[in-house]
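Enquirer: These protein sequences, in sequence, are chains U and W.
Start counting the first sequence at 1; every next residue gets the next number (my numbering).
Start counting the second sequence at 1001; every next residue gets the next number (my numbering).
None of these hints come from the bench; they were simulated from the model.
Treat the hints with care, since some could be wrong.
[Unchecked claim] Not everything, but these chain U residues come out facing chain W in the computed CB check (under 7 Å):
#1 11
#2 12
#3 22
#4 27
#5 112
#6 116
#7 119
#8 123
#9 195
#10 198
#11 202
#12 234
#13 244
#14 255
#15 257
[Said to hold, decoys possible] Some residues of chain W that are not near chain U, with every Cβ distance over 12 Å (derived):
#16 1147
#17 1177
#18 1197
All C-beta atoms in this analysis are idealised placements derived from N, C-alpha and C, irrespective of residue type, glycine included.
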Amino acid sequence: MNRNSRFILSILAFGYAFLYIPLVLVIIYSFNDSRIATVWGGFSTRWYGELFRNEQILESAFLSLRVALTSATLATILGTMAGLVMARFGRFRGRTLFSGMVTSPMVMPEVITGLSLLLLFIALQQLTGWPGQRGFSTITIAHTTFSLAYVAIIVQSRLMSMDESLEEAAMDLGGTPLRVVLDITLPLIVPAMAAGWLLAFTLSLDDLVIASFVSGPGASTLPMYIFSKVKLGVSPDINALATLIITFVTLGLVLAWLALRRADR
Amino acid sequence: MPYIWLLVFFLTPFVIILKISLADPALAQPPYTPTIDSQGNIYVTIDNFVFLLTDKLYALTYLRSLMLAASATIFALLLGFPMAYGISRASAATRSLLLLLIILPFWISFLLRVYAWMGLMNNYGVINNALMWLGVIDQPLQIMYTDFAVLVGLTYSYLPFMILPLYATLEKLNLDLVEAAQDLGASSTRAFWDVTWPLARPGVIAGCLLVFIPATGEYVIPYLLGGPNSMLIGRVLFEEFFANRDWPLASAVAIVMLLLLIAPIMLLQHYRMREKEQAA
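Isolated chain W, as found in the complex (with noise of 0.2 Å):
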């Protein structure tokens, strides 16, 4: 049964997208041109995808997307390294007390987290009126709209997606291992790099995917904290399918977002059942 429901809901729904992508808009009802018309001709075009790809406007936003996912990933990973580490090592109890820190803003509505830096980062909003008040600045700075903000927004709401990860391999890690190193007159440097390191790395791409992916399609927080003209692509969606109403490119927009993504998704199944396999 859930077989079922999978196959209805959810690979069905990529056929028909693939099927719009390869209509013409019209002005109609639904608004694209049937693939076969009363007389049983096929009719498919590839117009659409030939669009996106010559168009330099989608190809900037694509580019954009992804850099700014990946620059969100990044910092992520600067960030949450560390943090996973030190949770890792820190007693039973604060351990479980620090994680559940962690675990906390993921349960806490997604949308008022992005909300909360709205406030923060307004041009009267607390950042600048401290630095104002501190006197570092004496106008305000332009923060909220810009990209940074967005790759701020990015990088705060996918952290706990980091980090469970990573701490998930850190706690496992024997830590014999890196003394030995260090005992064999490796510095704490080298014995991070050669011992540390490679033993994470399953959590380290697990990680950074769970970061990356999501963040690339994102809508919400390029909304409320980028500027207008900071499309992203998954705003360009959403704005073509609902705003201009041309489904065909919107559907288009999704396959070769889907396209972009699918090696990174393939490599994070990839990852699932080899840590399956080695549990079992």
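The shape of chain U in the complex, shown without the other chains (with noise of 0.2 Å):
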């Protein structure tokens, strides 16, 4: 037994090295001096100031915080009524059809899903005339979709582990359904809605190929952004940025399980 848990230990330590060296390096060369990413030039902080006063950059996030805000609210109205719909009424027709749509935006490969919506745009464009321009709209439309199932998953396991005696007795009660989803069922899957959301806007802020499918010439977000400079190469401001976004969701994420932590003792 002692052997194999001295495999397993190193195993583990092998496999966490191979998660967090790669993004260890990025936060250490974000310091470096030198233009040259691959060449040690002594210590600055020069980028990070270079960071603030690049304009597209600050528009390219503004316009991913704006979108990823939007369609995850959305995506969190949506996907919780179809998570309620799959664990609360049973077989109804069209009901393999509908988990099915709900469930494979998840795992289609993105392009398919970019490419698929990018057409489905241009086709209402040329029947309807909207959407005129491609940008904040389509994008948003985009991110609603395939993050409305992560959202329906989450709410529909937590509807799935919880008794049904309480909406049964509101119910015998005399409360109509409505009264019953609205007094009963939300409160209980309030925490599960809030962890679709964030979900949900994390998946919107991450995404970058549904993005430059269903984007319009002049918009990008940031994640666009990010591609077309890394495109060229390693950066030193990429770094910078980069090491930003390591450092805020690391801690965001550990207060949270610190939280969570504190609440389950």
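Put the complex together from the two separate chains, hints included.
Expert: Here it is in structure tokens:
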């Protein structure tokens, strides 16, 4: 057994090193003074300053945030409804098609989702004149479509693990279905909705491929901007940007984790 | 309402892709021939599919994409299984920390994680510098822009997708069963293959599919880490559409990719459903 656990331990160590060494190196090199990203030229924070003077970055970051906020909210509303339907309404006509449609965007390769949505927007434009310009609205719709799946799954699994008797009791006491959902079910699934919103928000901030398809000229999200720079090779200000994002995400997640752990006790 | 949303923004697009893939490219706006012209004649062609299937280059691209995705899946499983096993056997407090560390990279931008490897695998990147400093090599190794780099990138990016479902099944696994097998005289290898592995199989299958399906259509990783000749199917689709403006062919590429992936996707859905029914 001892030999086994040593094997497991070394694999664990290797695995975590594999996951984290690249990120740590990016952080170290973001403080590199040299313009050539692979030569160490002394400690400096100049790339951070340059980041905040770069208007293109700020502009695309702002667009990304707006898209992420809107699409996460829309996805949470629609996804919660979908989750409710899948968990509580039993078998209805077209249920298999419906749950298939809800979960498919999760596993579909991004290039397919992106291409299909772009072609839809173009066809719509020919028929109705809308959307005249691709940008904020089309990216938001696309992100809502794929992230609503994640919200639906989270809400659904929360509902599955929940006792139905509370809702049944409320029904027996004469509550209309709508009141029961609003007064009993919704408050119970708020944590799941919050988790879903957060996931949808991150997924939207993270997406490059789908946004590149459905966005038009002039509108570029933060990942699109980063990609256009990174194509040309390693660059020091992207190192700085990456460091900021890594720090921000890590702090947020560790805080959430600590809060959850305290709540558990 | 979510039903309508999905019908409009998910199902209709596929109908449109199918329609365009059956058209000819044309110098028009949009650049393909209409399915039904003004006289009401219906015009469809399977030229694009015939071309895809007979042109050696495309067949090879599909094959290479599938092979690379499959190898990345195997590597992720080889690394992910012992990791998930180790995490599930750790004490409760360590376990939640270890899990947090698995989930963390997933929340950090995918693009930036791939980017991190560019700095590592460059000709004058960290790996080459370290190896040269150690005197192992005196010329930089060409790591970047090879299939190997793409493989590393795929394994790295999708490793959490492998570990999480594996962990979920391994955590539920009853250790008493393994001990019972060993008490009855099974070697630990035997106990693993006869008890642990079959019980963990749903997790293994889910993890493998979650890595394999998105890895097949991956665009960013081959673009950034692969060479100019490493055309994988996701990139081909992108290029046919944007650079060559051959929308019908791009649509056909998407349809064929979808057909190749439909079996694994259905399998994944099937496992999800079964899991849900067991939970209920």
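Enquirer: With reference to the structure, classify each hint as holding or not holding.
Expert: Now the hints, each set against the structure:
1. 11: 4 Å, holds
2. 12: 4 Å, holds
3. 22: 4 Å, holds
4. 27: With Cβ-Cβ at 9 Å, over 7 Å, it is violated.
5. 112: Where the cut-off is 7 Å and the nearest Cβ of chain W is about 5 Å from residue 112/U, the hint holds.
6. 116: This interface hint holds because 3 Å falls under the 7 Å limit.
7. 119: 5 Å, holds
8. 123: OK, holds: residue 123/U within 7 Å of chain W, min 6 Å.
9. 195: The hint is violated - residue 195/U has no Cβ within 7 Å of chain W, the shortest such distance being about 12 Å.
10. 198: Violated: closest Cβ of chain W sits about 9 Å from residue 198/U, beyond 7 Å.
11. 202: 6 Å, holds
12. 234: 5 Å, holds
13. 244: Violated - the Cβ of residue 244/U stays beyond 7 Å from chain W, reaching only about 10 Å at its closest.
14. 255: For residue 255/U, the interface hint is violated, since the closest Cβ of chain W sits about 11 Å away, which is over 7 Å.
15. 257: 5 Å, holds
16. 1147: 19 Å, holds
17. 1177: Correct as stated: the minimum Cβ-Cβ distance to chain U is 16 Å, above 12 Å.
18. 1197: At roughly 15 Å from the nearest Cβ of chain U, residue 1197/W sits farther out than 12 Å, so the non-interface label holds.
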